[in-house]
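Student: As you go down the protein sequences, you meet chains W and F in turn. Numbers 1 to 513, taken from the UniProt record's numbering, label the letters of the first sequence in order. Numbers 1 to 513, taken from the UniProt record's numbering, label the letters of the second sequence in order.
Quick caveat, the hints were computed from the structure, so don't treat them as lab data. One or more hints might be untrue.
Identical copies go unnamed one by one, so any copy, or any two together, can satisfy a pair.
[Unchecked claim] Below 25 Å or equal to it, Euclidean Cα-Cα: the simulated DMTMM-like pairs (lysine to aspartate or glutamate) are:
#, residue 1, residue 2
1, Lys454, Glu368
2, Lys173, Glu306
3, Lys144, Asp126
4, Lys52, Asp170
5, Lys10, Asp333
6, Lys153, Asp283
7, Lys77, Glu481
8, Lys510, Glu444
There are 2 protein chains.
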Amino acid sequence: MLIDQTMVQKAESLIPELMTSPAQPKAVIEIAADDKAFQGWRIDQSEDQNWKERVLGKGDSFMLDFEDHMVGFLSLKIKPVGSPPDAPLKLKLTFGEMPCEIAESFESYKGWLSSSWLQEELMFVDVLPAEIKLPRRYTFRFLKVEVLDTSVKYKVSFDEVICTTVTSGDVSKVKPLPSEVSGELAEMDRIAIKTLQDCMQTVFEDGPKRDRRLWIGDLRLQAQANYLTFNNHGLVRRCLYLFGGMRLPDGAVGACVFEKPHAHVDDTRLYDYALFFVSCLHDYYEASRDRDTLLELWPIAMQQIEIAVQRLDEQGIVTDDETWWSFIDWHADLNKQAPTQGVLIYCLRQGLELARTIGDADQVKYIEGQIERAVSGAIEQLWDDQQGFFVSGTDKQISWASQVWMVLAEVLPAEQSGALLDHLFEAPPAIGMTTPYMYHHLIEALFSVGKQEKAVEQMKAYWGEMIKDGADTFWELYNPEDKKLSPYGSNLINSYCHAWSCTPTYFIRKYLI
Amino acid sequence: MLIDQTMVQKAESLIPELMTSPAQPKAVIEIAADDKAFQGWRIDQSEDQNWKERVLGKGDSFMLDFEDHMVGFLSLKIKPVGSPPDAPLKLKLTFGEMPCEIAESFESYKGWLSSSWLQEELMFVDVLPAEIKLPRRYTFRFLKVEVLDTSVKYKVSFDEVICTTVTSGDVSKVKPLPSEVSGELAEMDRIAIKTLQDCMQTVFEDGPKRDRRLWIGDLRLQAQANYLTFNNHGLVRRCLYLFGGMRLPDGAVGACVFEKPHAHVDDTRLYDYALFFVSCLHDYYEASRDRDTLLELWPIAMQQIEIAVQRLDEQGIVTDDETWWSFIDWHADLNKQAPTQGVLIYCLRQGLELARTIGDADQVKYIEGQIERAVSGAIEQLWDDQQGFFVSGTDKQISWASQVWMVLAEVLPAEQSGALLDHLFEAPPAIGMTTPYMYHHLIEALFSVGKQEKAVEQMKAYWGEMIKDGADTFWELYNPEDKKLSPYGSNLINSYCHAWSCTPTYFIRKYLI
Numbered sequence: 001m002l003i004d005q006t007m008v009q010k011a012e013s014l015i016p017e018l019m020t021s022p023a024q025p026k027a028v029i030e031i032a033a034d035d036k037a038f039q040g041w042r043i044d045q046s047e048d049q050n051w052k053e054r055v056l057g058k059g060d061s062f063m064l065d066f067e068d069h070m071v072g073f074l075s076l077k078i079k080p081v082g083s084p085p086d087a088p089l090k091l092k093l094t095f096g097e098m099p100c101e102i103a104e105s106f107e108s109y110k111g112w113l114s115s116s117w118l119q120e121e122l123m124f125v126d127v128l129p130a131e132i133k134l135p136r137r138y139t140f141r142f143l144k145v146e147v148l149d150t151s152v153k154y155k156v157s158f159d160e161v162i163c164t165t166v167t168s169g170d171v172s173k174v175k176p177l178p179s180e181v182s183g184e185l186a187e188m189d190r191i192a193i194k195t196l197q198d199c200m201q202t203v204f205e206d207g208p209k210r211d212r213r214l215w216i217g218d219l220r221l222q223a224q225a226n227y228l229t230f231n232n233h234g235l236v237r238r239c240l241y242l243f244g245g246m247r248l249p250d251g252a253v254g255a256c257v258f259e260k261p262h263a264h265v266d267d268t269r270l271y272d273y274a275l276f277f278v279s280c281l282h283d284y285y286e287a288s289r290d291r292d293t294l295l296e297l298w299p300i301a302m303q304q305i306e307i308a309v310q311r312l313d314e315q316g317i318v319t320d321d322e323t324w325w326s327f328i329d330w331h332a333d334l335n336k337q338a339p340t341q342g343v344l345i346y347c348l349r350q351g352l353e354l355a356r357t358i359g360d361a362d363q364v365k366y367i368e369g370q371i372e373r374a375v376s377g378a379i380e381q382l383w384d385d386q387q388g389f390f391v392s393g394t395d396k397q398i399s400w401a402s403q404v405w406m407v408l409a410e411v412l413p414a415e416q417s418g419a420l421l422d423h424l425f426e427a428p429p430a431i432g433m434t435t436p437y438m439y440h441h442l443i444e445a446l447f448s449v450g451k452q453e454k455a456v457e458q459m460k461a462y463w464g465e466m467i468k469d470g471a472d473t474f475w476e477l478y479n480p481e482d483k484k485l486s487p488y489g490s491n492l493i494n495s496y497c498h499a500w501s502c503t504p505t506y507f508i509r510k511y512l513i
Numbered sequence: 001m002l003i004d005q006t007m008v009q010k011a012e013s014l015i016p017e018l019m020t021s022p023a024q025p026k027a028v029i030e031i032a033a034d035d036k037a038f039q040g041w042r043i044d045q046s047e048d049q050n051w052k053e054r055v056l057g058k059g060d061s062f063m064l065d066f067e068d069h070m071v072g073f074l075s076l077k078i079k080p081v082g083s084p085p086d087a088p089l090k091l092k093l094t095f096g097e098m099p100c101e102i103a104e105s106f107e108s109y110k111g112w113l114s115s116s117w118l119q120e121e122l123m124f125v126d127v128l129p130a131e132i133k134l135p136r137r138y139t140f141r142f143l144k145v146e147v148l149d150t151s152v153k154y155k156v157s158f159d160e161v162i163c164t165t166v167t168s169g170d171v172s173k174v175k176p177l178p179s180e181v182s183g184e185l186a187e188m189d190r191i192a193i194k195t196l197q198d199c200m201q202t203v204f205e206d207g208p209k210r211d212r213r214l215w216i217g218d219l220r221l222q223a224q225a226n227y228l229t230f231n232n233h234g235l236v237r238r239c240l241y242l243f244g245g246m247r248l249p250d251g252a253v254g255a256c257v258f259e260k261p262h263a264h265v266d267d268t269r270l271y272d273y274a275l276f277f278v279s280c281l282h283d284y285y286e287a288s289r290d291r292d293t294l295l296e297l298w299p300i301a302m303q304q305i306e307i308a309v310q311r312l313d314e315q316g317i318v319t320d321d322e323t324w325w326s327f328i329d330w331h332a333d334l335n336k337q338a339p340t341q342g343v344l345i346y347c348l349r350q351g352l353e354l355a356r357t358i359g360d361a362d363q364v365k366y367i368e369g370q371i372e373r374a375v376s377g378a379i380e381q382l383w384d385d386q387q388g389f390f391v392s393g394t395d396k397q398i399s400w401a402s403q404v405w406m407v408l409a410e411v412l413p414a415e416q417s418g419a420l421l422d423h424l425f426e427a428p429p430a431i432g433m434t435t436p437y438m439y440h441h442l443i444e445a446l447f448s449v450g451k452q453e454k455a456v457e458q459m460k461a462y463w464g465e466m467i468k469d470g471a472d473t474f475w476e477l478y479n480p481e482d483k484k485l486s487p488y489g490s491n492l493i494n495s496y497c498h499a500w501s502c503t504p505t506y507f508i509r510k511y512l513i
């Protein structure tokens, strides 16, 4: 990997102190199978709410509901009841963002992501009474406490269960919404901010439950929402230096970085994600006007442009292939060529703005040339005039993603882009959208061509539905038509607080107030 | 409970510093089902011994053999292999003193002792590489390491697995055996000392795996072996002050005490165990000549005698009952009356010696009177002249335990006691012996009447057989005729390093050199 130690050190010097706050469980619940409930599980209040009075022996359990999304550290106070404890206490804890994680056995999980993400602990407590501070961070709303064994001579009671939450998002910095935004949109704003806050730790994590990493695709959206809410420029700057300071061997920005045991970049390479370094830097400068950082990181952004355009073929089209080369959306059948062409042009335009800010005429000229090349290629090779859609790949696939990114890339004049979006809703292609990340770009495209009403309608149809389905924070994956959808083989492992879903607050605060 | 804080503080001031020593695994093994092997499990060496070179992914595992009994703290060094770890490592560790604990699923355990004693850990390692020091103490020879999950992007290797053993038994204080003792007896001595050493921690534990407590029945035998080996008087003194300083409400010494979170006595009351406070103090004084401790603790010993004789009925016999009132042996059908009568007389005689040492004429006279009363009762009520055995309880049960304890109590003249033991072997009663604890008393009885040859023969037939069955340390329970015997419902939970089994070294060093 290509390491710039000075940049990495700068990133590390920007590690924020996390704010902590204690949270108590609010209710004792039971979870019942119910076809009408989200994902088939209904939450019922238990008749006996006095969990601190319960005396638990072998096989006894209870479920606590914190009634909000938690990211933090759990501590427990446990006392023995009966004779002096003559054997360890064997305890199992199960944490769930959603009822499914508590109700369905983790043994049943057969997905392809590691089962190690499922949050559980098997604990042996040798000495009682005990005050236990669990060392790992958990992300949950629901906690199941199971006493697997005590002994015939004693049982246990729980005196205290506390979650010490952590975040680098200071909610006191968030301006209240003006009174013109209320009801459903205000609720959407609140939940989006909570989503962002829970992902704001020592980096902008993608999801605090899974996989807790800094991905540049997520960072771009989080940063946009952050500028209009928590306004934590230092955390964005830290993330930019992490990506800039640790790159793949040819200089390309990696898709994600890890913080521990020391900062290191993953070996995942995604074409669109590398380009988003340009976009992130563009947005950061626009929000902060921090010219020093721009000057230091611009050469790396420029390098991303240079690496990216090498993939353009003779016709000015991004070369397609069969591997997982570009992200765009979690969709097994989606061809990535045309939407990626859109991402390239979108980022070239932002790069051009930065090159003009820097004042490097050669770079300006170079980027202008590349934009022309890529836009011409898109129109000549990918626009299907008969169908009125952009097509992608050798099979000329028509997808939502292709149209959305071509609109964002401003490949067509604004009026034509607007018509394209209308056409998209009138004759929706079979290859739809899977993630809030892709929905974000649809909404952004709608706002970009002035279709505010349609944008709000779509926000309500998507994030609004999540709220109706019980979201405390917005989810990584959501399909109103298939509520157990998971690209990983099981909805147990989906992240239910996910960075790329936090953008309703961005839309509301940017376009609606 | 009756607490004498000064005595408890004296006990706590005597907590020893533990000696530590690092131990490495010696071999990679497999465990195979084999009817001919002890408890049905055979240990095979693995073809591939290079466990540090192994790369383990989901579902991979290996078993390490430390080739000796360990009591200590485990540390692991784990490194990732492949891409940067993008999910926690999910790891399971299973510790076994014996192959059965590794080969048989803990899920299968249905015994009545708490399953929390079965030594396993489910661990999630969030950051790799990792150096992990597990906080709990384990007792084992075999360690199974199972990688339950990594991710599709990485696997792991283990750089180091170390057990830091702990003990308060300083082996440098143990005198080497003279050359006249060799072969099987020397091996028995070595293993007995190792057994004692592994039980010597901050108290004399009964078993370092289970239940890690100070029981006075075990203490008595451990202390006897200790005086002839490690000679750690301070640890015995600490244990005497723990029992003396924390008693049951009427002043009786409790059966066992716990050290943590602070010293406290259990609510278990056993008639024979309370009396053994007298015996422990007697033996301690004999070994140490520590008159100050004797003077301080004698009133408590005297109190045990006074409490004990209250149970004598008009005929001078200890009142029997249906509860678990006296220990004697783990034997469901054993009637405890006659053997307990033996324990009482045995302890009265030791109390008499102490009263004479103290020089309290009234107490001497009182104890002499009680001995006469109890011995008369035993001979008149419990001796069956026709059968030539002592009988016990309303059903006049004839057991090994009754005869053994009556011999140790010197109820009959020495010659008659010798004849009784001969008769015991010629016409063995159906109610036999279960534990090494009871076997100890048989051997002691044989030595006490000068039957050295028979004693050695019995030692070889019992502890010698354990050695042939693969004992690294001597076991809590052993029956050469039923090798899976357990009073707890499963041999998985038996302790395979147990205090009360350490006495071959005492016999060898007291009677054979």
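Student: It remains to establish, for every hint, whether it holds in the given structure.
Tutor: Outcome of the hint check:
With identical chains, the CA atoms of Lys454 and Glu368 are never at most 25 Å apart, being 32 Å at best within one copy and 104 Å at best between copies. In this assembly of identical chains, Lys173 and Glu306 lie within 25 Å of each other by CA distance neither inside one copy nor across copies; the values are 38 Å within and 76 Å between. Both within a single protomer and between protomers do Lys144 and Asp126 lie at most 25 Å apart by alpha-carbon distance, with minima of 21 Å and 21 Å respectively. Proximity of Lys52 and Asp170 under a CA criterion of 25 Å is satisfied in neither setting, with 32 Å inside one chain copy and 46 Å between copies.
When the C-alpha separation of Lys10 and Asp333 is checked against a cutoff of 25 Å, the pair qualifies neither within a copy, at 41 Å, nor between copies, at 76 Å. Taking the shortest alpha-carbon separations for Lys153 and Asp283, neither the intra-copy value of 64 Å nor the inter-copy value of 32 Å comes in at or below 25 Å. Proximity of Lys77 and Glu481 under a CA criterion of 25 Å is satisfied in neither setting, with 43 Å inside one chain copy and 47 Å between copies. In this assembly of identical chains, the alpha carbons of Lys510 and Glu444 lie at most 25 Å apart only when taken from the same copy (11 Å versus 91 Å across copies).
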